[in-house]
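Here's the letter readout for the chains.
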Amino acid sequence: GENVEQHPSTLSVQEGDSAVIKCTYSDSASNYFPWYKQELGKGPQLIIDIRSNVGEKKDQRIAVTLNKTAKHFSLHITETQPEDSAVYFCAARAGGTSYGKLTFGQGTILTVHP
Amino acid sequence: GAVVSQHPSWVICKSGTSVKIECRSLDFQATTMFWYRQFPKQSLMLMATSNEGSKATYEQGVEKDKFLINHASLTLSTLTVTSAHPEDSSFYICSVDQGGREQYFGPGTRLTVT
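Quick note, the sequences are listed as chains W and X, same order.
According to this note's numbering, numbering within the first sequence proceeds without interruption in unit steps and concludes at 114.
According to this note's numbering, numbering within the second sequence proceeds without interruption in unit steps and concludes at 1114.
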């Protein structure tokens, strides 16, 4: 099955700096890659996603890049703010019999210091 | 995106009793919902896929007789933890799959078994 590795496990930045979180996946059939933000005691919130036919997607301060050949994708947050502090999860979804199932990375605890 | 609710948000029960958790899709008719479990400081682990009108599909290692899933309508799926034990204490989260597109999560249910 699919395996998703996420790095780093913790990331500490100063307000205004950029933050980058990287994930690799194992199943070349995976075709959808969402990123979720989870605050303490809450469910994950979808913040951005990318499909396998696209190399990059941007939404205001957040962007995601995908390299299908290398099987890795990254989340980029620019001009970080204290409210960006949370746990971020990447995920990958394969087609076929695994249709709909998401495999999650281990998570990254992002701390933005004022 | 889809709006997903869960009830209760937290529950404490005694060892040996059963607990039912509801997951509702408030603005989308979901033929497929997913149930996840998340232990403290860990990632989300898929437990089962809930299919409207048919039996749920459980992930390897998840006891289907212990975690009963019923997806009786397009807006409601329930997870019943039977004969709960302290090791079942966890954060249970459901998600709604929008027809193979984005997947949106509920706010989660904190289960504590004493």
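Simulated from the structure, these hints should not be mistaken for laboratory data.
As the structure is a prediction and not an experimental result, all values here were calculated from the model.
Check each hint, because a few of them may be wrong.
[Unchecked claim] With a straight-line cut-off of 27 Å between C-alpha atoms, the simulated DSS-like cross-links for lysine-lysine are:
#1 W:K57 to X:K1055
#2 W:K101 to W:K68
#3 X:K1020 to W:K68
#4 W:K42 to W:K57
#5 W:K101 to X:K1014
#6 W:K42 to X:K1020
#7 W:K101 to X:K1064
#8 W:K22 to X:K1041
#9 W:K68 to W:K42
#10 X:K1041 to X:K1055
#11 W:K101 to X:K1020
#12 W:K101 to X:K1066
#13 X:K1014 to W:K37
#14 W:K37 to W:K71
#15 X:K1066 to W:K22
#16 W:K68 to W:K58
#17 W:K42 to W:K22
Comparing the hints with the structure gives:
As the CA atoms of W:K57 and X:K1055 are separated by approximately 37 Å, the hinted pair breaks the 27 Å bound. Taking the CA atoms of W:K101 and W:K68, the gap is near 19 Å; set against the 27 Å cutoff, the hint holds. Proximity of X:K1020 to W:K68 is assessed by CA-CA distance (about 41 Å); at most 27 Å being required, the pair is judged violated. For the hint linking W:K42 to W:K57, the alpha-carbon distance of about 26 Å falls within 27 Å, and the restraint holds.
At most 27 Å may separate the alpha-carbon atoms for a hinted pair to count; W:K101 and X:K1014 exceed this at roughly 32 Å. The hinted pair formed by W:K42 and X:K1020 meets the criterion: a straight-line CA distance of about 19 Å does not exceed 27 Å. Restraint check: the Cα-Cα separation between W:K101 and X:K1064 comes to about 18 Å, which is no more than 27 Å; the hinted pair holds. At most 27 Å may separate the alpha-carbon atoms for a hinted pair to count; W:K22 and X:K1041 meet this at roughly 19 Å.
Between the alpha carbons of W:K68 and W:K42 the distance comes to roughly 31 Å, so the proposed pair goes past 27 Å and is violated. Straight-line distance between C-alpha atoms of X:K1041 and X:K1055 comes to about 31 Å, which puts the hinted pair past the 27 Å bound. The hinted pair formed by W:K101 and X:K1020 meets the criterion: a straight-line CA distance of about 23 Å does not exceed 27 Å. Distance hint between W:K101 and X:K1066 is fulfilled; the C-alpha atoms sit about 21 Å from each other, no more than 27 Å.
Taking the CA atoms of X:K1014 and W:K37, the gap is about 32 Å. The hint is violated against a cut of 27 Å. For the proposed pair W:K37 and W:K71, the alpha carbon gap of about 22 Å is at most 27 Å, so the pair holds. The suggested pairing of X:K1066 with W:K22 is violated, with an alpha-carbon distance near 36 Å, which exceeds 27 Å. The straight-line distance between the Cα atoms of W:K68 and W:K58 is roughly 18 Å, inside the 27 Å bound, and the hint therefore holds.
Restraint check for W:K42 and W:K22: the C-alpha separation of about 23 Å stays at or below 27 Å, so the hint holds.
Hint compliance for this structure: hints 1, 3, 5, 9, 10, 13, 15 are not met, and every other hint is.
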